[in-house]
Amino acid sequence: MEIKALATAMIGYGLPKDSLERGIEKNPDFIGSDMGSTDSGPYFLGSGDIKDTTLLKKDLELVITAGLKKGIPVLMGSAGTAGTDVQLQKVIDIIKEIGREKSLHFKLAAIHSEIDKNYLKEKLKEGKITPLVEEKVGSYNPSLSSSDIDDTEHIVAQLGPEPFIKALKEGAQVVVAGRSCDTSIFAALPMMEGFDRGLNMHMAKVIECASLCARPSSRDAIMGYLREDSVLFESQNPDLKCTAESIAEHSLYERENPYYQVEPGGTLDMTESSYEQYNERIAKVAGSKWIPSPTYMVKLEGARKGGYRSLTMAGVRDPIMISQIDNIVEIVLNTVKSILDDYVYGKDYSIRFRIYGKNGVMNKLEIKKEITSHEIFILVDVVGKTPQISKSACTIAKQKLLHCHYKGILATAGNLAYPFSPDTIHTGITYNFNIYHLLELKDPYEVFPIEIINV
Amino acid sequence: MKLKEIAKIIRSKNAGPFYCTFDIIFKDYSDLDMVLKQNLITPESISKIYNLPTSKIKIFEYKPAFAIKITIPRPVPSGDIEDTDIYGAQQHAPLLDISVQK
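Residue numbers (the working numbering), protein chains in the order written: chain A, 1 to 455; chain B, 1 to 102.
Isolated chain A (complex conformation) (with noise of 0.2 Å):
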């Protein structure tokens, strides 16, 4: 017995077609994509935008023509990079777009996965929700209470593997769930058909990024095979190995705990995780264990509305203003407040100044304090609690900059490069994550209804 699983890298940022196709060749029993992360931050999660609904459609009808013609399931997850409600209806439209496009009939499976509010306040009062991160950090607070769930912008949980089951059991041939386990889209129709979970769900862990796991890493779909007491790994791309070693480095890969891995419902235990050379270009696995625990678990992920962003960014290519930064820093920071506290603005916004060059990039982490760099950058990031009060301090720092008198300066007329006009751009509402917290349910599908719609 052996299940064939094609994993493609995540949709939405233009899919390999190649490797696709040779995968669709041998003959798999499912497709499976992955659509999001939180690895971008909150924004996405907070507004619900889509990053490229072009790129993202391009993707979808690569793989919904290729599982509909070959008559497999095509399994994705995380709709629209965060898994909101209104990510997942912008993803169904596409689907049904395409649909009409291409005369293609179907039935499609809509798991949906924002929760809502007043149900996580009665959860809340029940006990049943522990934070993930148990200190405060940043804007981020453990104790989360009612009106923070009200404050929050949108709410999802990140759904486990059976309600993708029960989708497909419903006869769905394509499903799309809002935000998704990485390792659900993938570990589910192996769990329908009985197979065992711990390298079932190794093999989700590793497939979930498509070839990322091979030598050279890269964006091509992978083959999972995974057999009884083994799970073999393969690239769609021939140019491309899977060894026993770029497969257990993949444990590693964004993770907090390389041997375990927490999952709803249980989890993957990899310390006797076995990793050997099957062939030349394929790599197996064998030993992983499932540790079923008591409560089923499931994450949840919520963003609120910071302020509004205005930003200006420039370069400096004058030794002497260089040498003076920090002073000048200093200087500005205090004008857009003497200028700002006049007017009825108040103090409702900051400002950062990241300077690259000196240490943009890791800011008080870094330990070189010396700048060596003959250009820096400049970076003034403002945030604002009105558009009006970013756009103001944002203003204001920029003419300074511009035309600040220091030490020494012998260049009168001007101190930044700025690379394009306008030198000011406000980017809108910020967003940071405010819930990342536990929810304990009562079975795997309690917040994860599911719509048939038949395309």
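These are calculated hints, taken from the structure and not from any lab test.
Values in this document were obtained by computation on a predicted structure and should not be read as measured data.
Heads up, some of the hints might be wrong.
Within a straight-line C-alpha distance of at most 20 Å, the following computed EDC-like cross-link-like pairs (lysine to aspartate or glutamate) qualify [to be verified]:
id, chain 1, residue 1, chain 2, residue 2
1, A, Lys136, B, Glu44
2, A, Lys121, A, Glu440
3, A, Lys391, A, Asp423
4, B, Lys2, A, Glu366
5, B, Lys27, A, Glu276
6, A, Lys400, A, Glu440
7, A, Lys26, A, Glu2
8, A, Lys364, B, Asp83
9, B, Lys63, A, Glu366
10, A, Lys305, A, Asp116
11, B, Lys58, A, Glu135
If you want the footprint, here are the derived chain B segments under chain A, 3+ residues with CB under 8 Å [to be verified]:
id, region
12, 17-24
13, 48-62
14, 69-77
15, 85-95
Cβ coordinates follow ideal geometry from the N, Cα and C atoms, glycine included.
Based on these hints, arrange chain B on the given structure of chain A.
Below, chain B alone, put in the same frame as chain A:
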């Protein structure tokens, strides 16, 4: 000699929005073992580099990939107003220059 001259991979990345994880991967067991025996990657040494109490630093030896993993809490969550590295992908540089005796 420096760590960057021995390791084949030294990288950092978010492990979720609240943690940053570092992977130091060697080409074989003997290089890993040499670094481990010198006790260079310890909660104490990492606490100095990343300005954190030792209790918040997790270090794993991961022999299947000849690797050392370090996981620390991020100074602020990914995308918070004070964040400077949303993906956490450029926080590894201080590890490159750790001195190793060959």
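Right, here's what the structure says about each hint:
no.	hint	in the structure
1	A:Lys136 / B:Glu44	violated (23 Å)
2	A:Lys121 / A:Glu440	holds (13 Å)
3	A:Lys391 / A:Asp423	holds (12 Å)
4	B:Lys2 / A:Glu366	holds (19 Å)
5	B:Lys27 / A:Glu276	holds (16 Å)
6	A:Lys400 / A:Glu440	violated (53 Å)
7	A:Lys26 / A:Glu2	holds (13 Å)
8	A:Lys364 / B:Asp83	holds (11 Å)
9	B:Lys63 / A:Glu366	violated (30 Å)
10	A:Lys305 / A:Asp116	holds (18 Å)
11	B:Lys58 / A:Glu135	holds (16 Å)
12	17-24	holds (count 5)
13	48-62	holds (count 6)
14	69-77	holds (count 7)
15	85-95	holds (count 7)
Hint compliance for this structure: hints 1, 6 and 9 are broken, all remaining hints hold.
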